[in-house]
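Chains as they are written, first to last, in the working numbering: chain A, 105 to 420; chain B, 17 to 314.
Treat each hint with caution, since some may be false.
As the list claims (entries may be wrong) - Just a few of them, taken from the derived set where beta-carbon distance is under 7 Å, the chain B residues facing chain A:
no.	residue
1	153
2	155
3	168
4	172
5	272
6	294
7	295
To be verified - Residues from chain A that keep clear of chain B, each with C-beta distances beyond 12 Å, as calculated:
no.	residue
8	284
9	326
10	389
As the list claims (entries may be wrong) - Simulated DEER-style distance windows between Cβ atoms:
no.	chain 1	residue 1	chain 2	residue 2	range
11	B	151	A	235	27 to 37 Å
12	A	235	B	33	31 to 41 Å
13	A	119	B	58	12 to 22 Å
14	B	65	A	142	53 to 63 Å
Read the hints as simulated data drawn from the structure, not as lab findings. Beta carbons: idealized from backbone N, C-alpha and C, even for Gly.
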Amino acid sequence: MRQYAMRRLAYLPLIAGLVSVITFFTLRLPWAGDPVTYMSTQNTTVEDQERLRRELGLDKPVLVQFGIWLGDVVQGDFGETFRGRQPVLDEVLRRFPATFEIMFLSLGFTTLFGVTFGVIAAVRQNTFFDYGLRVFAVFGQSVPDFFLLILLIVLPSIWWNYTHPIGGHVSIFEDPVRNLRLYVPPTLLLAVGGSALMMRVTRSAMLEVLRQDYIRTARAKGLSAYAVVVRHGLRNALIPIITLAGNYLVALFFGAVILEQVFSINGLGQFFLISAAQRDFPVMQFLVLYSALVVVGLNLIVDLTYALIDPRIKYT
Amino acid sequence: MSSVSEALRPLEYVPRRPSRVVRLGRLARQHPTGVFGLLVIVGFVVLGVFGPALAPYDPRELRAGPVLQGPSLAHPFGTNALGQDIFSRVIAGARISLIISFSAVFIGGSIGSFLGIVSGYFGRWLDYLIQRSGEAWAAFPSIVFYFMLITAFGQGVKTIILAIAIGALFGGSRVLRSATMVEARSGYVEAARAIGASEVRIFFRHVIPNVLPLTVVLMSTTLGSAILAESALAFLGIGVEPGTPSWGIDMSGENITVARLGYWHVVVFPGIAISLVVLGANLLGDALRDIWDPRLRH
């Protein structure tokens, strides 16, 4: 298994290199937007533009620019943002905890509710409860998450005169109560769509497993309902659930961007959103590289988890 | 001789195949939610095409009524902070959502399907290349991709269509790949090859028409997520131009601030519009998938 993981990780530089090249040259296509023009105002002279271009290193040939960037990245330097001229890595690290917490809580809620209700729906198949959950799942997948988050701001303020806190990230280690009051309600709502999907997948996986002979055997030998459903049933239904959780975590970054926008939280989502709108090349290059690393790592973890859950799966 | 003509005479007791209308009616009764979805999507298309003509006010007209008025007979959904009629804006907002989601789904769906069919029919290294790229693609977060395209090409309808289309590109390729593999090994393809039809002819005349209905199913199942993506990008302010009547834009920025002060109608009606259309698209997609290919159900 160690060998397998090593072999998979050996692809990492290849993938990282590939996405970096694609991004770098897409951003500098002749018909792509020019950040210097974007940063210019009415009062910017041609000399100013030339100077700015030199300062940002955009005056050199594209291949030379790429060489310089690659050389810096290999040494752990991801460059400076075009706008604020701050090191990209510092800007990212400063905003990381807020986004991490949003994604961590949302994934937690999604798994908790999705798996629990999915199992219940499968055990109580074709009952009122099952139908209710399935209807909820259809609606949960159709309502945009930003609509739910806006309702969280709007409705409590009308009904109970309660205003949900906006902005102002506090570390959970400094003030846990304020931190959770800021993050728990929105992440719960952000988890609605994911829970709906997770529920559908869990339900169908569980229905498949519960038909198996060993479940009948487990029931016949008098095991408790919990042991049959959770220990014998759920464990064997986990593989599609874990796969979905991995994919969902990647997709959840979109949700984090939206949540940060609605609640004015200065996290990674806001940072990347603003950088995209302002054509900040070094930030985008960092983002793509970073996403590639996260995705490759995450997929590896998901694959290795399969072997932990199911001893029949072996990697050599 | 007479015995032959007798044998060719149609049997009288064979029940006639029910007419098209009857069969459609039966199908509709079996899939009531699909009919609901179809009605919603038809309504969405009608509003998208004729919306501005149907709207009681010009959606961009300032002071169409008093500022921030609640729902009333003159303004069924009320007015926003600029005095624009929200009912008219919701109707007009269907257009940009329709243009972007349909073009993105059509472009992404047809190219993706073609790649899937090629992958399934020709197999070998081509199959490997397309499927591995598809997997890598699916693993990459869509929002990162949107961000990158917007950084490179700036905001605008074309960038959004391109971004959503490419995002949906490989979604269906795997399903079409397996459907094509089944067709390519079927008897009639073998027969065609036996009488000397060229590979190109078999591919375009026999295989493609037989897997084409699946393409429609796939497009309809991705329509909902395309509409969601469009509205989310507009909401984030990196979608269509500001000022365009768009459901996502109408729920962002100052409209949220206003809604917090108690003017809920400003954001709630566009939100309901998006949710309803996405719900319709999802229900229609599910029904079409069940009718055409129950194997796709997960």
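Hint check:
| no. | hint | verdict |
| --- | --- | --- |
| 1 | 153 | violated, 11 Å |
| 2 | 155 | holds, 5 Å |
| 3 | 168 | holds, 4 Å |
| 4 | 172 | violated, 10 Å |
| 5 | 272 | holds, 6 Å |
| 6 | 294 | holds, 4 Å |
| 7 | 295 | holds, 4 Å |
| 8 | 284 | holds, 22 Å |
| 9 | 326 | holds, 34 Å |
| 10 | 389 | violated, 9 Å |
| 11 | B/151 <-> A/235: 27 to 37 Å | holds, 35 Å |
| 12 | A/235 <-> B/33: 31 to 41 Å | holds, 35 Å |
| 13 | A/119 <-> B/58: 12 to 22 Å | violated, 44 Å |
| 14 | B/65 <-> A/142: 53 to 63 Å | violated, 35 Å |
Figure legend: structure checked against the earlier numbered hints; hints not met, in rising order: 1, 4, 10, 13 and 14.
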